[in-house]
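> Given the coordinates of chain F, work out where chain V should sit on it, guided by the hints.
First to last, the protein sequences are chains F and V. Sequential numbering of the first sequence, starting at 169, is according to our numbering. Sequential numbering of the second sequence, starting at 169, is according to our numbering.
Hints listed in this document are in silico derivations from the structure and should not be mistaken for laboratory results. Be aware that one or more of the hints could be misleading.
Copies of the same chain look alike in the list, so a pair counts if it works inside one copy or between any two.
Unchecked claim - In silico SDA-like cross-links for lysine to any residue, where the CA-CA straight-line distance does not exceed 20 Å:
{"hint": "1", "residue 1": "K372", "residue 2": "I442"}
{"hint": "2", "residue 1": "K372", "residue 2": "H469"}
{"hint": "3", "residue 1": "K302", "residue 2": "I478"}
{"hint": "4", "residue 1": "K302", "residue 2": "S186"}
{"hint": "5", "residue 1": "K251", "residue 2": "S486"}
{"hint": "6", "residue 1": "K302", "residue 2": "R487"}
{"hint": "7", "residue 1": "K360", "residue 2": "Q468"}
{"hint": "8", "residue 1": "K360", "residue 2": "P404"}
{"hint": "9", "residue 1": "K302", "residue 2": "P471"}
{"hint": "10", "residue 1": "K302", "residue 2": "W470"}
{"hint": "11", "residue 1": "K372", "residue 2": "D428"}
{"hint": "12", "residue 1": "K302", "residue 2": "H469"}
{"hint": "13", "residue 1": "K251", "residue 2": "Q200"}
{"hint": "14", "residue 1": "K403", "residue 2": "L191"}
{"hint": "15", "residue 1": "K360", "residue 2": "H469"}
{"hint": "16", "residue 1": "K302", "residue 2": "R474"}
{"hint": "17", "residue 1": "K302", "residue 2": "G286"}
{"hint": "18", "residue 1": "K403", "residue 2": "A182"}
{"hint": "19", "residue 1": "K372", "residue 2": "P471"}
{"hint": "20", "residue 1": "K372", "residue 2": "T485"}
{"hint": "21", "residue 1": "K403", "residue 2": "A230"}
{"hint": "22", "residue 1": "K403", "residue 2": "A184"}
{"hint": "23", "residue 1": "K360", "residue 2": "I442"}
{"hint": "24", "residue 1": "K360", "residue 2": "W470"}
{"hint": "25", "residue 1": "K302", "residue 2": "Q468"}
{"hint": "26", "residue 1": "K302", "residue 2": "R467"}
{"hint": "27", "residue 1": "K360", "residue 2": "R441"}
{"hint": "28", "residue 1": "K251", "residue 2": "R467"}
{"hint": "29", "residue 1": "K372", "residue 2": "L443"}
Number of protein chains: 2
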Amino acid sequence: MPSDPVRVALIQMACAPSTEENLDHAVDLVRQAARAGAELVCLPELFGAQYFCQREDHRLFALAEPIPGPSTARLSAVVREAKITLIASLFERRAPGLYHNTVAVLDHESAGPDHIAGIYRKMHIPDDPLFYEKFYFAPGDLGFRAIPTSHGPVGALICWDQWFPEAARLTALEGAQSIFIPTAIGWHPSEKSEFGAAQYSAWKTIQRAHAIANGVFVCAVNRVGHEHGDVVLSKPDGTATDVPGPGDHSSDGGCNSGIDFWGGSFICDPFGRILAQASPNQEEIVTATLDPALVETTRQHWPFLRDRRIDAYSNITSRFLD
Amino acid sequence: MPSDPVRVALIQMACAPSTEENLDHAVDLVRQAARAGAELVCLPELFGAQYFCQREDHRLFALAEPIPGPSTARLSAVVREAKITLIASLFERRAPGLYHNTVAVLDHESAGPDHIAGIYRKMHIPDDPLFYEKFYFAPGDLGFRAIPTSHGPVGALICWDQWFPEAARLTALEGAQSIFIPTAIGWHPSEKSEFGAAQYSAWKTIQRAHAIANGVFVCAVNRVGHEHGDVVLSKPDGTATDVPGPGDHSSDGGCNSGIDFWGGSFICDPFGRILAQASPNQEEIVTATLDPALVETTRQHWPFLRDRRIDAYSNITSRFLD
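One chain only, chain F, in its complex shape (with noise of 0.2 Å):
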């Protein structure tokens, strides 16, 4: 596994409602980012598209695609032209009717096709008011891993399963030191006053915790923007549809309605301490070096993969234990 310390780039974006122009702009962030110095790069989730799954549409599936696929042919040139490992988080066509919420992690010096190193399937679909994903996608069926990389194995986790602390373990457990976690997530306007900063709160400690737990640095990259999901859906035969999101989209009211993406995309080293982070309200590319070396002195002064009671944990695989 390469030694080397790794300078690793987040890209916190807003997403419009065309996937060509989100690609656009993703491929010049990660071009900048790279430019900058960046050797792994990694994108927010389902930057493709505004936040679709804020309502259920049969219409929507035609926004997935196949990995490899449109998105990972545009995005591997830059990879390769950059010499770059970047992570990006893709609404996945697996099969007529099946669909995931999937990360692929492309890598200059693969020889896959777009240079895909891997992918890994989101594993926890959440579904509440405004986030009907389990409508969208299948729950992932290639468990946790650690993808190898020019950089050493990398792991990644999306959104929801950033609140599961056994799908951080068993990330580390595979080998990764870093996990990176693309993400959506937001405050109902009508909820931001009395809890956002609770929920801001509770999304950056859980995460700081994973990093802590397991003696790994954990990347949190996050969008920003107000939106509704808007989304133009373009046919094969070059005609577009727009589909706009639900909820109220004038402009006095539609502050009532809709996500406030919160940006907030974090860097973290392997005892929860941050190493860089983004505003909230705006696009911005954050930036840090992570050292493996950082990796190995943190778990010798604070061993906890030594001491942990694999001898009593098989509960963990039950619903509850009443």
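Structure of chain V alone, referenced to chain F:
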């Protein structure tokens, strides 16, 4: 299960070399908390002595006692008198040559000896410079538990357990809606300026994360004071032997050895929000009211128990997946 809110008190205290003195002091503080309305009270880890595990000394096994035993007899009196539930951390002598770091939960309604409703034996045993616990304590063999009390099932973990998400998860799956964590954690004086803030932050972060991940209240209670682990051993014949701990005890040099226990006892709610927090430097009784209704509301809004991928967690029982 009772659904009434319960008034909780954590006894953040300093510990003296003499067990008798510590028991007197603990009983005073518990009585004081009960007079102020506390119904469920928790003492810090091994409050009956200075933190003696700073060295490996066979003489110190003499501090251990059976459960039930002299300490639970003494504590049961205040439990009965004040009609409370008390969580007490003790150095348990289970058999000749077999010792545990154990919590006893005493409940005024329990018909057991000394009102003992149940015990929990520390599952994760640390071994680090000045924390030589693997010398003294056999790992617990009772698993993770929710101990029935007159205030519903109560979970207990002990210090080093607090770094293991599996421990909190399994305790919650057993039905505990609150987890009490008696602790003896502090800074090595030589490390405090460089690492102190990060260590304290990690400690608080991971415990708040247990609350968030499981939708339970977490109540962490630590001791305060600078200790070298000085102990007074009382013999059956009424005589006593001073056993000073390691390090420089001189008034000018003593602050460079021993452990500086950082206090900071806190209570957080099922979404990790701090309800009450002690200072780092002084004895303090930390109180809050825990409302079980908040456990259910929080879990309805953040339904992690619903979405756990119990089909995919079996590798948690592996040491590493290489």
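> Work down the list of hints and note, for each, if the structure agrees.
Hint check:
1. Taking the shortest alpha-carbon separations for K372 and I442, both the intra-copy value of 10 Å and the inter-copy value of 15 Å come in at or below 20 Å.
2. In this assembly of identical chains, the alpha carbons of K372 and H469 lie at most 20 Å apart only when taken from different copies (18 Å versus 23 Å within one copy).
3. For the identical chains of this complex, K302 and I478 are inter-copy neighbours only, at 17 Å across copies versus 32 Å inside a copy, given an alpha-carbon limit of 20 Å.
4. For the homomeric pair K302 and S186, neither the shortest alpha-carbon distance inside one copy (23 Å) nor that between copies (59 Å) is at most 20 Å.
5. Neither within a single protomer nor between protomers do K251 and S486 lie at most 20 Å apart by alpha-carbon distance, with minima of 44 Å and 36 Å respectively.
6. In this assembly of identical chains, the alpha carbons of K302 and R487 lie at most 20 Å apart only when taken from the same copy (19 Å versus 32 Å across copies).
7. In this assembly of identical chains, K360 and Q468 lie within 20 Å of each other by CA distance solely across copies; the values are 18 Å between and 41 Å within a copy.
8. With identical chains, the CA atoms of K360 and P404 are never at most 20 Å apart, being 40 Å at best within one copy and 64 Å at best between copies.
9. In this assembly of identical chains, K302 and P471 lie within 20 Å of each other by CA distance solely across copies; the values are 13 Å between and 38 Å within a copy.
10. For the identical chains of this complex, K302 and W470 are inter-copy neighbours only, at 15 Å across copies versus 38 Å inside a copy, given an alpha-carbon limit of 20 Å.
11. Taking the shortest alpha-carbon separations for K372 and D428, only the intra-copy value of 17 Å comes in at or below 20 Å, while the best inter-copy value is 28 Å.
12. Taking the closest pair of Cα atoms, K302 and H469 come within 20 Å of each other only across two copies (16 Å); inside a single copy the shortest separation is 41 Å, beyond that limit.
13. Taking the closest pair of Cα atoms, K251 and Q200 come within 20 Å of each other only inside a single copy of the chain (13 Å); across copies the shortest separation is 66 Å, beyond that limit.
14. With identical chains, the CA atoms of K403 and L191 are at most 20 Å apart within one copy only, with a shortest distance of 17 Å there and 77 Å across copies.
15. For a Cα distance limit of 20 Å, the shortest separation of K360 from H469 across copies, 14 Å, qualifies, whereas the shortest one inside one copy, 39 Å, does not.
16. In this homomeric assembly, K302 and R474 come within 20 Å of each other (Cα to Cα) only across copies, at 12 Å, whereas the closest approach inside a single copy is 37 Å.
17. Proximity of K302 to G286 under the C-alpha cut-off of 20 Å is found in neither arrangement, the shortest distances being 24 Å within a copy and 41 Å between copies.
18. In the homo-oligomer, the alpha carbons of K403 and A182 never lie at most 20 Å apart, since the shortest distance is 24 Å inside one protomer and 72 Å across protomers.
19. Taking the shortest Cα distances, K372 and P471 sit within 20 Å of each other only across copies (18 Å), while inside one copy they are farther apart (23 Å).
20. When the C-alpha separation of K372 and T485 is checked against a cutoff of 20 Å, the pair qualifies neither within a copy, at 26 Å, nor between copies, at 27 Å.
21. Taking the shortest alpha-carbon separations for K403 and A230, only the intra-copy value of 9 Å comes in at or below 20 Å, while the best inter-copy value is 80 Å.
22. Only within a single protomer do K403 and A184 lie at most 20 Å apart by alpha-carbon distance; the minimum there is 18 Å, versus 77 Å between protomers.
23. Taking the closest pair of Cα atoms, K360 and I442 come within 20 Å of each other only across two copies (19 Å); inside a single copy the shortest separation is 24 Å, beyond that limit.
24. In this homomeric assembly, K360 and W470 come within 20 Å of each other (Cα to Cα) only across copies, at 16 Å, whereas the closest approach inside a single copy is 37 Å.
25. Only between protomers do K302 and Q468 lie at most 20 Å apart by alpha-carbon distance; the minimum there is 16 Å, versus 40 Å within a single protomer.
26. For the identical chains of this complex, K302 and R467 are inter-copy neighbours only, at 18 Å across copies versus 37 Å inside a copy, given an alpha-carbon limit of 20 Å.
27. When the C-alpha separation of K360 and R441 is checked against a cutoff of 20 Å, the pair qualifies only between copies, where the shortest distance is 16 Å, while the shortest distance within a copy is 26 Å.
28. In this homomeric assembly, K251 and R467 never come within 20 Å of each other (Cα to Cα): the closest approach is 31 Å inside a single copy and 44 Å across copies.
29. In this assembly of identical chains, K372 and L443 lie within 20 Å of each other by CA distance both inside one copy and across copies; the values are 13 Å within and 18 Å between.
When each numbered hint is compared with the structure, violations occur for hints 4, 5, 8, 17, 18, 20, 28.
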